[in-house]
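Make the full structure from the sequences, and use the hints.
Below, each chain spelled out in residue letters.
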Amino acid sequence: MSQDPPAIKPKYYPPILPGHREWPVVRLAKNRKDFVSTVVQSAVASILEHTQDHQALIEELELTLFLERNRLRQNPWKVDPEDEEEFWGKIKGQLVHLSQENSEEARQNAQQMLEQIVSRYAEEIAGNFKQSRYRFARTLIIFGFARLLNAARLKGIKSLWSRELDLPDKIQINGEIDQLRALAKLGTVVMVPTHFSNLDSALIGWVIQHLGLPAFIYGAGLNLFNIGIFAYFMNSLGAYKVDRRKKNMVYLETLKTYSTEALKYGCHSLFFPGGTRSRSGMIEKKLKMGLLSTVMEAQRCNFENHPQGEAAKIFVVPVVLNYHFVLEAPGLINQFLEMQGQERYYVENDEFSNSYKIIKFLFKFFTKGSDISVSIGRGMDVMGNYVNDQGISFDQDGNKIDTSDYFKSLGRIQKDDQRDGEYTRMLSERIVSEFHRNNRVFSSHLVAFAAFQILKNRYNKLDLFNFLRIQPDELVIDYAHFLEVCATLRNKIFEMNQQGALHTAEHLKGKIEEVVEHGLYNVGLYHAKRPALRNKQGLIVSQDLNLLYFYHNRLQGYGLEQYI
Amino acid sequence: MASNNTYNQPVGIIGAGSFGCAVANILAENVPVIMYARNPEVVDEINYKGSSRGIALSERVKGHGDLEQLAATCEVIFPVVPSGNFREMITKVGPFLKPYHILIHGTKGFVVELPEDQNLEEVKFLRKEEVFTMSELIRRETSVVRIGCLAGPNLAKEINEHQPAATVVASRFDEVIDMGQQLLKSERFRVYGNNDLIGVELCGVLKNIIAIAAGALSGLGYGENTRGLLISRGMVEMIYLGQALGGNVKAFLGLAGVGDLVATCTSRLSRNYSLGFRLAQGETLPHILGSMDEVAEGVNTIKITKRLADNYRVRAPITTMLHQVLYEDLPLEEALQYLMKYPFIQDIDFL
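Going down the list, the protein sequences come from chains A and B. One gets the working numbering by counting positions in the first sequence from 1 and adding 613 to each. One gets the working numbering by counting positions in the second sequence from 1 and adding 4 to each.
Please keep in mind that the hints were generated in silico from the structure rather than gathered at the bench. Do not take every clue at face value.
What the hints assert, rightly or not - Derived list of chain A stretches under chain B, where covered just means 3 residues or more per stretch with a C-beta under 8 angstroms from a C-beta of chain B:
1) 694-703
2) 1030-1040
Claimed, not checked - In silico lysine to aspartate or glutamate, EDC-like type, Cα no more than 20 angstroms apart, as pairs:
3) A/Lys-898 with B/Asp-178
4) B/Lys-102 with A/Glu-917
5) B/Lys-96 with A/Asp-1010
6) A/Lys-1028 with B/Asp-178
7) A/Lys-1013 with B/Glu-72
8) B/Lys-102 with A/Asp-1033
9) B/Lys-102 with A/Asp-1018
10) B/Lys-102 with A/Asp-1010
11) B/Lys-96 with A/Asp-1008
12) B/Lys-102 with A/Asp-1029
13) B/Lys-102 with A/Asp-666
14) A/Lys-1021 with B/Asp-178
15) B/Lys-132 with A/Glu-1042
16) B/Lys-102 with A/Asp-1015
17) A/Lys-877 with A/Asp-1015
Where is the CB? At the ideal position from N, CA and C, for every residue including glycine.
This is the structure in structure tokens:
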């Protein structure tokens, strides 16, 4: 199926830590109870800091109650605990009582109530990592995926037992692998990948173990825990639960505290900083500040608690995933267009409603997903300065930087939430720019971008929505012209590659005719309607403009439009 | 937070010009000040005579000629050098600056960075990415992130005469604003804060263009009606330009915007105003520039802003006309006539 030589020969990476016992995530799981209570204390303290007087706290609790009862009525999930109604009912009873008083006793009661709620949230969020289960699940996944892959690619059930093909053939990992392994030994790694598909987390999970790194913890959508088998694996792999339906401040604060405390504990973490899958197919431009801010907070605390300089440093490692084919693309792009249009309100839904759908999805992903590349970016400190393999930060002129200096004033580490907020914004800008830099251009991206832009240019007067409504059979591109545009674009892309603005896949080299053919063959390969292909008359046509738009978006943000 | 402690460490100033001296004197009421000057004679003058180029300095201001030591001693530094020397200064001090430093600059100009084979006189257009405010330059050339700027109606001479006044400290960081307020405030000096750093910087830079025009009008003998017209139209032009360059309207309506604009457009103490005035009286630009001992930032700003406005198609008639007067030999009277006929349709359309 693939016409590329693999970028890097499949290689075996020995684990960087010999036993599991040293893994921070294992230590954390052993002390789960203590850890959860640390999270509760710390979250309660920070919520009390935000709500300075009694009245404000009562109002916050009332708002939380209101939102939670709404959620229960409007969007209940199977995974919700059975006593949910009862719990919030009880809170309601107590709250009515409290809001009329302003005594010392009332104040204490309100704080207690806050603690109850936070504990409930923290218990829910905390993962159930079990070392034995991890080993089992990991083996199963590696074995299972690899066999499934063989079965799919070599056609025939017999090849389930063949070892002919392995995941490393299919998934090309490139970039700063050795540095990542080095950094994971020196400090705490926060991996921030782009997010296009629901199986990104499984993919990254596989990459992490393949590279011999200890388990990373990450926040997985609570909806994934609706399904028994998934819940089992998620728990086993160190996932903690994130419920996107809960948007109240108390929950968000508890969630952030959980992440902060885990980072302080030294647990390598995985964030999808875009927050959700990129609906448009574009590289994330705006990142979610919530979880990123926990990186800043944890790093500052680490520096504060270890003023002598032995503090664990946190390294941010951007990772870019690239596909020729994203299975969910039709759904994603439709959601994107709906959201862009007048549909302001969008309900978090649960796409994976049962195990059958999941398994079907998995099978399709591994049978049909064509090549995938995982580009590991250079490690950075929390301020976005590159670090070397020893974890030392450098500025753009190559001068050493002491990262703790960013948090100091008057020679001491000082807490300043507003400053941390600004730093988080700066970090997110750096991550976005690293995403673009580490993006790996595939032939399929090139042809999709060229085809969409050529067609769009013909209808300059139409806005995007009207353009996308044109019947695709009216749109054809002359092949010679198409080749020419692709060649120009490719030259520009190579030039940008030279300047370090992006990366290119190996298969992008060679004769342009072959590259275009490769791209047309692969772009959205298994969709019922193909985003772009060459018809019998030799013309370039699209069967689905929305999909073409989706795949084209991968190259947005580089200013390439002007070369069409 | 730092504001809870009283800051009493020495504060650095880079640049010993008239505005640098004014800032130094204000600071000296609260903290010891170390002033860097390139010229050893100026350092001596500060230390032995208590003045810089004749401007009297507080006795708490000490001169120094070593940037490395200045950076090592002072956590907070105010760079106040003309934009033309800013890059040289910042690259010199850059290696000594650490992320814990706070820099609050007082320079109201742009710096242009072009590819090596181009120069400003020859290019017709400039892109935003090629033009930097001082805070952007600091960010690019050093590892300092906590950056702020000073802006507002701060005519150096009046400040040195201890007249009541106010300034704006702008920064994305509350910490920097707090620090600036703590260091600068006094009974005769108020300090306001603003989080729109770029907006406030743009106010300070762009108002110098209008100041030149105001000086020119006075030089031609026109009175207050004309000036009122110019100031209000100038304001609109600044806002258009500011928006195109990434500032937002609010900053322009504050002390650093309209406050500073009114002060510089009505005072002979302003260098830019007097440059315009002398131009109208018939002196040539090279002659005026040759006889001024400090830089009128507006001259260079006009050159840069014209090229930005052309690129982004911003309506900037005052800038365009002044550019023609300064660099294309258009007689001032003709430029004025053109402006009077310029088809403004609405008074206010930016809100």
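Here is how each hint holds up against the structure:
1. 694-703: violated (count 0)
2. 1030-1040: Since three or more residues must qualify, the claim that chain B covers the stretch 1030-1040 of chain A holds, with 5 doing so at under 8 angstroms.
3. A/Lys-898 with B/Asp-178: violated (26 angstroms)
4. B/Lys-102 with A/Glu-917: Given pair B/Lys-102, A/Glu-917 holds - Cα atoms ~18 angstroms apart, limit 20 angstroms.
5. B/Lys-96 with A/Asp-1010: With a Cα-Cα distance of about 13 angstroms, the restraint between B/Lys-96 and A/Asp-1010 holds, given a limit of 20 angstroms.
6. A/Lys-1028 with B/Asp-178: holds (13 angstroms)
7. A/Lys-1013 with B/Glu-72: holds (16 angstroms)
8. B/Lys-102 with A/Asp-1033: holds (18 angstroms)
9. B/Lys-102 with A/Asp-1018: holds (7 angstroms)
10. B/Lys-102 with A/Asp-1010: Given pair B/Lys-102, A/Asp-1010 holds - Cα atoms ~13 angstroms apart, limit 20 angstroms.
11. B/Lys-96 with A/Asp-1008: Answer holds: B/Lys-96 to A/Asp-1008 is near 16 angstroms, not above 20 angstroms.
12. B/Lys-102 with A/Asp-1029: holds (18 angstroms)
13. B/Lys-102 with A/Asp-666: violated (39 angstroms)
14. A/Lys-1021 with B/Asp-178: holds (14 angstroms)
15. B/Lys-132 with A/Glu-1042: holds (18 angstroms)
16. B/Lys-102 with A/Asp-1015: holds (8 angstroms)
17. A/Lys-877 with A/Asp-1015: Roughly 19 angstroms separates the two Cα atoms, so the pair holds.
In this structure, the hints that do not hold are numbers 1, 3, 13, in rising order.
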